[in-house]
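Q: Each chain is listed here by its residues.
Protein chains: 2
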Amino acid sequence: MNFNKKQLTIYNSLEGKKVLFNPIKDGFVGLYVCGPTVYNKVHLGNCRTFISFDMVYRYLLHLGYKVRYVRNITDVGHLVDDSDQGEDKILKKARLEKIEPMEVVQQYTLDFHKVMNDFNCLSPNIEPTATGHIMEQIEMIRVIIDNGFAYESNGSVYFDVEKYNRKQNYGELSGRKIEDLISNTRELDGQTEKRGPFDFAIWKKASSEHIMKWRSPWGFGFPGWHLECSAMSTKYLGDEFDIHGGGMDLKFPHHECEIAQAMASNGKKPVRYWMHGNMLTLNGKKMSKSIDNSILPGELFSGENDFMDKPFDPMVVRFFMMQAHYRSTLDFTSEALSAAEKGYHRLLNTINEIENLPTNVDSSESVLKIVKSFYDAMNDDFNTPVLIANIFEAVKYINSVKKGDETISSSDRQLLKEEMSTFLFYVLGLKDSNLKSEDRLSPVMDLLLQLREEARNNKDWKTSDKIRDGLASIGITIKDSKNGSSWD
Amino acid sequence: MNFNKKQLTIYNSLEGKKVLFNPIKDGFVGLYVCGPTVYNKVHLGNCRTFISFDMVYRYLLHLGYKVRYVRNITDVGHLVDDSDQGEDKILKKARLEKIEPMEVVQQYTLDFHKVMNDFNCLSPNIEPTATGHIMEQIEMIRVIIDNGFAYESNGSVYFDVEKYNRKQNYGELSGRKIEDLISNTRELDGQTEKRGPFDFAIWKKASSEHIMKWRSPWGFGFPGWHLECSAMSTKYLGDEFDIHGGGMDLKFPHHECEIAQAMASNGKKPVRYWMHGNMLTLNGKKMSKSIDNSILPGELFSGENDFMDKPFDPMVVRFFMMQAHYRSTLDFTSEALSAAEKGYHRLLNTINEIENLPTNVDSSESVLKIVKSFYDAMNDDFNTPVLIANIFEAVKYINSVKKGDETISSSDRQLLKEEMSTFLFYVLGLKDSNLKSEDRLSPVMDLLLQLREEARNNKDWKTSDKIRDGLASIGITIKDSKNGSSWD
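As they're listed, the protein sequences go chains A and B.
In terms of our numbering, the first sequence has 71 at position 71, counting the first letter as 1, and numbering is strictly consecutive.
In terms of our numbering, the second sequence has 454 at position 454, counting the first letter as 1, and numbering is strictly consecutive.
FYI, nobody ran anything at the bench for these hints, they're computed from the structure.
If you're wondering where the values come from, they're calculated on a predicted model, not measured in any experiment.
Just to be clear, a hint being listed does not mean it is correct.
In this list, chains with the same sequence are indistinguishable; a pair is considered to hold if it fits within one copy or across any two.
[Stated by the list, open to error] Here are the simulated BS3-like pairs of lysine-lysine, each with C-alpha atoms no more than 27 angstroms apart in a straight line: (1) Lys235 - Lys213; (2) Lys167 - Lys289; (3) Lys372 - Lys396; (4) Lys372 - Lys479; (5) Lys205 - Lys369; (6) Lys431 - Lys114; (7) Lys459 - Lys25; (8) Lys403 - Lys466; (9) Lys286 - Lys251; (10) Lys269 - Lys459; (11) Lys66 - Lys459; (12) Lys251 - Lys285; (13) Lys342 - Lys402; (14) Lys66 - Lys114; (15) Lys285 - Lys177.
Could you put the whole structure together from the sequences, leaning on the hints where they help?
A: Encoded structure:
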């Protein structure tokens with residue numbers, strides 16, 4: 001379907017409203033999403049963010065954009081907080097487990113990839129690591145210092161927020177005003193290295209016990225967490241790119257700092273559209289390990305947890321997430337997931353039934369209008385719950401056709417099946433986990449024979465022979481008869 | 001079983017003989033294996049090396065060692081040859097395909113992981129990348145220059161082989177003598193930067209077209225290939241570690257250069273035991289793309305190749321590889337693989353039958369002796385073909401018990417089943433897979449994607465959309481990239 005991709009609107013956190021999406025270079029999209037810190041198993045809230053942006057990535061691809069999707073791996077330097085007192089989380093874990101930090105990184109990176117795979121997320125085009133870009137970060141720090149927006153202090157380098165704010169608007173993304181922030185701040189101990197309370201470390205001096213440290217013009221140390229995303233997004237997407245995504249909790253200070261770092265180094269606003277995904281709750285409460293209100297993806301799939309009545313398939317969980325808009329909070333409860341499971345299976349069943357619907361000369365409903373409603377929903381800031389509601393409207397219509405209360409034409413039946421499948425499987429990224437390979441071989445073969453039939457009708461013997469010979473080499477024989485072709 | 005792990009012998013390439021394995025730190029093993037260059041799909045010869053060292057890793061773990069297994073990813077700086085005329089392979093590919101080098105890296109790293117997973121290889125504990133360790137490499141170059149064994153020349157840095165050889169023995173691993181090498185060398189053009197013909201680049205000046213380059217004390221450039229393994233093995237395993245593995249083709253010059261670099265930087269011999277895996281041939285000839293005598297792992301699994309009569313399961317291929325000693329060449333033929341397949345299935349069937357064997361008060365054979373023969377084989381430089389022969393001896397015994405010609409006690413039956421399973425599944429890394437259903441879908445999909453590719457090349461969007469949407473309706477997602485399409 002050729003629905004105009006210029007209709008896509010995105011809620012831009014920077015403007016606080018929905019705006020028409022207009023990429024910097026026509027036909028191309030640069031997309032950066034803050035990835036996981038691999039010092040532990042990825043938690044469900046992070047998964048929601050990555051699944052949301054997987055859906056965004058998929059829809060952009062579906063609209064025909066060539067997308068470069070970059071999602072980083074934070075494998076060092078993630079301070080626990082901005083007080084500069086925080087211990088590097090990865091180092092802490094490694095020391096506790098008495099293993100090399102990069103062993104922890106390897107283990108949890110593999111675990112993360114497995115979970116993303118379970119959730120049927122496409123791989124990003126580039127997955128850069130923080131430790132793989134220390135030089136780029138040092139380079140950026142050098143430039144920021146040269147431009148006067150950072151200073152060295154006792155082997156660390158701090159970003160001078162107040163000085164930056166005098167020239168630029170620190171807080172424009174989160175809507176915070178530096179003056180208010182300052183007046184609300186108590187004097188903290190151990191912060192004497194910093195000129196101002198909101199200055200943040202972009203390079204941190206390493207103590208002698210630190211294992212992960214690198215040589216820099218300011219001595220041995222490691223980069224501050226905020227910096228890696230600026231250095232890597234710039235490297236792979238340019239000084240200005242289209243979309244930056246992440247969880248709502250990263251808006252301040254992380255993304256605010258990213259803007260400041262980029263502006264301080266090259267004077268350009270790095271991102272056109274800032275997108276923020278919302279948080280998860282579990283039984284109405286914030287997920288948190290410290291209050292024992294937390295569940296891991298694996299525990300959700302296996303059923304081994306204290307919160308759910310039964311295990312849930314990753315595809316049911318994904319469908320459940322898609323039933324909420326990415327900017328809304330979402331509460332995980334056993335009841336809600338069970339309801340999603342039911343709905344999801346109803347959808348799958350209906351899709352499998354479409355091709356058996358009785359057809360008529362005319363359709364009593366406009367299928368084009370139904371399909372348009374799918375695009376309208378997605379073009380409205382990726383409104384997946386409305387999309388799913390519209391798909392369920394189509395299900396109602398299909399059931400009415402089945403009962404004989406409504407009619408559908410043969411071509412509309414084909415169109416509806418294709419578009420429902422495209423939106424459910426390609427755009428929302430779901431899959432029918434019950435379909436085994438052999439189950440899939442049969443419909444794939446049907447498609448292939450249909451193509452061959454068309455080639456023969458067009459006297460395109462080259463293509464039809466290619467299909468026949470190609471299949472023969474796999475050991476599949478096509479038999480042609482008056483009634484069409486079959487295979488064995 | 002408490003068989004003495006102190007009995008393990010390893011053929012040490014450095015000494016040219018089998019020696020008793022004696023790790024530097026009791027109970028711990030540091031193992032480094034040269035990993036793939038991710039500018040293309042991993043080839044079968046590389047896979048053999050990685051499978052061989054997976055077996056080594058598994059046996060060391062089985063013996064109770066705490067092993068830190070490091071296998072690098074070469075994602076930049078692999079010069080095609082040592083003439084310093086070679087273009088960086090990854091850059092070449094990226095430029096041809098007009099994509100960002102790190103996109104190529106991501107794609108082929110994921111592909112490599114998938115193939116390793118198909119072959120049931122355990123993940124190394126650390127998988128460091130060359131681009132992730134540029135600083136460590138610059139650091140090492142600095143030290144080598146300071147120690148007088150390297151010199152800067154026109155923005156590049158060369159290792160001074162002749163000077164090194166005057167103090168140390170360059171060629172001790174490969175048994176080559178620098179004097180002989182020199183007398184056999186013609187004067188080459190374009191090598192004027194170098195003082196001696198065998199000097200090799202440890203830092204290479206980047207031309208202005210180079211995308212992958214980093215700032216260094218010698219200007220913008222990138223590290224020489226030999227250096228990355230020295231920098232990364234030292235970082236994660238220390239100046240001296242136990243085992244370094246790789247393909248036979250890496251012995252000279254790559255591993256020779258590694259020794260020289262380490263010695264030149266810290267005066268220590270880096271590796272106690274050098275292990276080299278041997279090469280593959282295909283129908284008696286060297287595998288080579290240029291003479292069309294080459295097969296990729298995926299082509300072997302799918303059966304889509306010009307060399308084999310049928311597809312082979314990854315586990316059959318692994319079993320086939322294990323039937324040869326890692327230091328012997330191995331010839332891939334359809335007949336040999338078919339024979340391995342038969343043998344493998346016979347083994348699997350027998351193992352599944354053990355628990356139904358009739359038992360007696362006594363065993364007519366010493367099962368302990370059989371089990372000891374398993375350990376003896378593996379302790380003899382990981383002699384997997386002898387291990388498999390010994391396992392087949394056990395199969396004979398089991399069949400005799402079945403026929404009533406021999407007897408087995410209940411505890412021996414338990415022991416035999418446990419040990420056979422341990423050696424077959426844990427040590428040799430095989431598994432009872434049932435990939436039959438995948439056999440046909442995968443090649444049919446390849447054919448379909450090929451048709452779609454052609455349609456796209458002909459700008460026949462109707463057909464290409466039809467295929468994409470048709471597949472989407474089956475729940476199959478196509479992902480396009482510059483290097484082709486994949487599906488999931």
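Q: Now tell me, hint by hint, if it's right for this structure.
A: The hints, checked one at a time:
no.	hint	result
1	Lys235 - Lys213	both (22 angstroms within a copy, 12 angstroms between copies)
2	Lys167 - Lys289	neither (41 angstroms within a copy, 59 angstroms between copies)
3	Lys372 - Lys396	within (17 angstroms within a copy, 69 angstroms between copies)
4	Lys372 - Lys479	between (40 angstroms within a copy, 24 angstroms between copies)
5	Lys205 - Lys369	neither (61 angstroms within a copy, 60 angstroms between copies)
6	Lys431 - Lys114	both (16 angstroms within a copy, 20 angstroms between copies)
7	Lys459 - Lys25	between (41 angstroms within a copy, 22 angstroms between copies)
8	Lys403 - Lys466	neither (43 angstroms within a copy, 30 angstroms between copies)
9	Lys286 - Lys251	within (18 angstroms within a copy, 57 angstroms between copies)
10	Lys269 - Lys459	neither (56 angstroms within a copy, 38 angstroms between copies)
11	Lys66 - Lys459	between (34 angstroms within a copy, 17 angstroms between copies)
12	Lys251 - Lys285	within (21 angstroms within a copy, 60 angstroms between copies)
13	Lys342 - Lys402	within (20 angstroms within a copy, 51 angstroms between copies)
14	Lys66 - Lys114	both (26 angstroms within a copy, 25 angstroms between copies)
15	Lys285 - Lys177	neither (30 angstroms within a copy, 72 angstroms between copies)
Violated hints, listed in ascending order, are 2, 5, 8, 10 and 15; each of the other numbered hints is respected by the structure.
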